[in-house]
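**Student:** Residues per chain are reported as follows:
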Amino acid sequence: MYNYPNMTGHFGQFGGIYMAETLIPAVEELRQQYLHYQNDPEFKAELAYELKHYVGRPSPIYHAKRLSEHLGGAQIYLKREDLNHTGAHKINSAMGQALLARRMGKKRVIAETGAGMHGVATATVAARFGMECIVYMGAEDIQRQAPNVFRMKLLGATVVPVESGSKTLKDACNEAIRDWVTNVESTFYIFGTAAGPHPYPMMVRDFQCVIGNEAKIQMPEMIGRQPDAVIACVGGGSNAIGLFHPYIEMPEVQIIGVEAGGHGIETGMHAAPLTANAKVGVLHGNKVNLMQDENGQIAETHSISAGLDYPGVGPEHCLLKEIGRAQYVASNDDEAIAAFDALCRFEGIIPALESSHALAHAMKIAPSMSSDKVLLVNLSGRGDKDMNTVARIKGITL
Amino acid sequence: MSRIQATFEKLKQQGRRALIPFFTAGDPNLAATVPLLHALVASGADVIELGVPFSDPMADGPTIQRASERALKQGMSLRGVLDMVAEFRRSNDITPVVLMGYGNPIEAMGWEVFSRRCAEVGVDGVLTVDFPPEESHNAFLHLQAHGIDPIFLLAPTTEAARIEQVAKLARGYVYYVSLKGVTGAGNIDLSAIEEKIPQLRKHIKLPIGVGFGIRDAATACAVAKLCDGVVVGSRIVQEIEDSSEADVVANVSRLVNELRVAIDQA
Numbered sequence: 001m002y003n004y005p006n007m008t009g010h011f012g013q014f015g016g017i018y019m020a021e022t023l024i025p026a027v028e029e030l031r032q033q034y035l036h037y038q039n040d041p042e043f044k045a046e047l048a049y050e051l052k053h054y055v056g057r058p059s060p061i062y063h064a065k066r067l068s069e070h071l072g073g074a075q076i077y078l079k080r081e082d083l084n085h086t087g088a089h090k091i092n093s094a095m096g097q098a099l100l101a102r103r104m105g106k107k108r109v110i111a112e113t114g115a116g117m118h119g120v121a122t123a124t125v126a127a128r129f130g131m132e133c134i135v136y137m138g139a140e141d142i143q144r145q146a147p148n149v150f151r152m153k154l155l156g157a158t159v160v161p162v163e164s165g166s167k168t169l170k171d172a173c174n175e176a177i178r179d180w181v182t183n184v185e186s187t188f189y190i191f192g193t194a195a196g197p198h199p200y201p202m203m204v205r206d207f208q209c210v211i212g213n214e215a216k217i218q219m220p221e222m223i224g225r226q227p228d229a230v231i232a233c234v235g236g237g238s239n240a241i242g243l244f245h246p247y248i249e250m251p252e253v254q255i256i257g258v259e260a261g262g263h264g265i266e267t268g269m270h271a272a273p274l275t276a277n278a279k280v281g282v283l284h285g286n287k288v289n290l291m292q293d294e295n296g297q298i299a300e301t302h303s304i305s306a307g308l309d310y311p312g313v314g315p316e317h318c319l320l321k322e323i324g325r326a327q328y329v330a331s332n333d334d335e336a337i338a339a340f341d342a343l344c345r346f347e348g349i350i351p352a353l354e355s356s357h358a359l360a361h362a363m364k365i366a367p368s369m370s371s372d373k374v375l376l377v378n379l380s381g382r383g384d385k386d387m388n389t390v391a392r393i394k395g396i397t398l
Numbered sequence: 001m002s003r004i005q006a007t008f009e010k011l012k013q014q015g016r017r018a019l020i021p022f023f024t025a026g027d028p029n030l031a032a033t034v035p036l037l038h039a040l041v042a043s044g045a046d047v048i049e050l051g052v053p054f055s056d057p058m059a060d061g062p063t064i065q066r067a068s069e070r071a072l073k074q075g076m077s078l079r080g081v082l083d084m085v086a087e088f089r090r091s092n093d094i095t096p097v098v099l100m101g102y103g104n105p106i107e108a109m110g111w112e113v114f115s116r117r118c119a120e121v122g123v124d125g126v127l128t129v130d131f132p133p134e135e136s137h138n139a140f141l142h143l144q145a146h147g148i149d150p151i152f153l154l155a156p157t158t159e160a161a162r163i164e165q166v167a168k169l170a171r172g173y174v175y176y177v178s179l180k181g182v183t184g185a186g187n188i189d190l191s192a193i194e195e196k197i198p199q200l201r202k203h204i205k206l207p208i209g210v211g212f213g214i215r216d217a218a219t220a221c222a223v224a225k226l227c228d229g230v231v232v233g234s235r236i237v238q239e240i241e242d243s244s245e246a247d248v249v250a251n252v253s254r255l256v257n258e259l260r261v262a263i264d265q266a
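Protein sequences, first through last, are from chains B and X.
So in my numbering, spot 193 of the first sequence is number 193, and the numbers just go up one at a time.
So in my numbering, spot 36 of the second sequence is number 36, and the numbers just go up one at a time.
In case anyone wonders, no lab produced these hints; they're calculated from the structure.
These figures come from a predicted structure and were not determined experimentally.
Virtual Cβ for every residue (Gly too), placed ideally from N, Cα, C.
Fair warning: there could be bad hints in the mix.
As the list claims (entries may be wrong) - Facing chain X, a subset of chain B residues (Cβ under 7 angstroms, in silico): (1) E21; (2) P25; (3) S164; (4) S166; (5) N174; (6) T182; (7) S186; (8) V282; (9) G296; (10) I298.
What the hints assert, rightly or not - With a cut-off of at most 30 angstroms between alpha-carbon atoms, the simulated DSSO-like pairs for lysine-lysine come out as follows: (11) K73(X) with K279(B); (12) K168(X) with K202(X); (13) K167(B) with K73(X); (14) K202(X) with K12(X).
Next comes chain X alone, as it looks inside the complex:
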């Protein structure tokens, strides 16, 4: 059983929802990433989405764009992210890690080399924002061959036929983008999510995580009631940006712990 599957099954037995924090590898500096991964786990993260920085993050709002720029300035690369996961795995063999980013750094490395390396270092899933199912055949074959779960996005604009198509390819869990917009954007519409999730469940048998626009504990709790996992990205990245290097781990831990408590009340 994969780490992702084991994690969601355990949560299901406990009647809990997954907390899935996101941050960008290499932000605020290279040395902070592995300690942050461990701190997230200690504060209650179930799955971690680790951002691979890209020069042109088209689906991201200003907060994650700036995180990408900081990380790239520090010399962060896809190779470097994979090495960090390897280091994390030396003392954590349980918490799933999903790499999230854009396709071009993987294209440059080559999907076969990348997928093999993911398996070696202990990456569990890969979410490539700009590779929809239509363009994912090659990626899918290589990831599957190495037992890595391709994670796909669904959006408010996704209609039934496409939901079915995504259901066929998706592994691990499915990430529902809760609003039309970029990461960190405006206000989340809970009633729209409530309406959409049953439509998704008709086709999607995997756990459904919801993200985009979840900025506080109350929203996290409300969203958790509707799905299997809550993804929080920009809010955490904002905390990293606002913290001094000395305080970053403590501040992010406090925030994630608050989210954990809130989600467990759902």
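Looking at chain B on its own, in the form it has when it is part of the complex:
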């Protein structure tokens, strides 16, 4: 039976708690509190209530008929996480963590954000529960995701630009960890993805599993069976693990994670550690496949999608690749843009650039499959935040 992580937070050789001593008691406290509340009927009922009435779950599954017909092969279905309150899957986990923070008596929450969706989700739940909220965001990401920065500020959060390193998601993570180590007693770190020190990869996954658990009920209702493959984009990989995890023990369902191929794997300018077989290393509290140079310095990454622009990946994806249960591939920048355009034109849905990577892979494989095959793509977020980026790529000034 598949049962990870183990008691010490390891997914095979991956995961763990690689943190400075000051934070070890904090992650241990979090682990104990989470293990306690995860099965607490009152906690579960409150989370279910918030997910239904505030987030708007369950999110529907939509058959993208015109796009499927256009491709002339497998049928593409979309799990509409873009329809959640705040426009992405991030709120599933931010809500769970905020409810936990409240029970732990933490009145201040911090978060890192890349594309800004996790920052917006965190600012949202902080406003909902009256908590102070600080969001760390790379200065480069602040440029390319300006609408989300404004949303966070409207919600009452303080957005701190991070100027160090590559000024993207990994640097925002570094800075959030520095805040946490300084304010460890008052502060709950609402982590954005299924990575970091134990228990985060497990806890974020559990909160995101609502995606896959719903899909497992919805697909048989719609088509009388489960899909042939589930497909999701993978940066840290929280939307992906949320869809994949409930399907792990159904071998008939293929699992495909799609990383950011940037300018192409062969150029080295990408953010696809699994596809590129990056060496195993340690960053941000866990051991994972990690883009790095021969001296163990973390490599700079490239992707048009700020949410995927990260050198590592969650430990459970590393394990799923190692044991062969999931397959990891990459979509390049231009393929993601083509998929973005296609979904706009064929279905009237503007997807996030992150989700467009997953869609791009589905569009790549669908034409060679028969029309009775079904691909379920996680549409993890909406693309409103990406207007500036897409306009710039198309040479348009807004």
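Fit chain X to the known structure of chain B by using the hints.
**Tutor:** Below, chain X without anything else, positioned relative to chain B:
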């Protein structure tokens, strides 16, 4: 007897506390590191913590982050740091050198290769900030096999059970992080240190060094009264940053000498 043990025993006999300066290898440039090591010894350093630069120094404040960036820009690497220690050892076989940094550069080299090389070049201890005892089994085995001391951190948040766990694994000395925060952060709370050290002593038989937030001679003196060694990092790195390349050795020597005098008054 290891260099670290010999150093602390000698200090104990003399009734003195260790001065443990830190700086980042390769900062401000590659050529400066070995002369700086010798200058620190000449100015009164007992043990030297030599920083191995890392691209993502999560436990460090802005001062040491910038030092890391400068060093990496100069092409500094873990291999290069080890070569520098070898060069230092050609004319100093007494002063302990502890490498301090993050785990990934060592993971990339491999713990066995790294530990063997440490023994060859004369590194005495290794402190890996992001490898707590829970994740240090493999590292510990390789370091121990080559006679290198694994140095562990303890923090204000560390409770009794963990102190005991660290006591079992630690060798050389233990580094008590005197505040909740990153290196070079705010004000040190002397009364909190005074309260914590006896708790640590219940389990820790090794010498205890205290660091983080020690920015001047007066604080160094006050901290020295409470423990066996005083670690000064960001303040020295700041001095390196503020000095012209021509003055860096003289300025750092003056600063370390001031700290030495202050600590000896404790």
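**Student:** Hint by hint, say whether it matches the structure.
**Tutor:** Here is what the structure says about each hint:
1. E21: Holds, about 4 angstroms.
2. P25: holds (4 angstroms)
3. S164: holds (6 angstroms)
4. S166: Given a least distance of 9 angstroms, the restraint on S166(B) is violated.
5. N174: With a closest approach of 5 angstroms, the N174(B) hint holds.
6. T182: Interface hint status for T182(B): holds (4 angstroms vs cutoff 7 angstroms).
7. S186: violated (10 angstroms)
8. V282: holds (5 angstroms)
9. G296: Given a least distance of 3 angstroms, the restraint on G296(B) holds.
10. I298: Holds, about 4 angstroms.
11. K73(X) with K279(B): holds (23 angstroms)
12. K168(X) with K202(X): At roughly 13 angstroms apart (the allowed maximum being 30 angstroms), K202(X) and K168(X) satisfy the hint.
13. K167(B) with K73(X): holds (17 angstroms)
14. K202(X) with K12(X): holds (19 angstroms)
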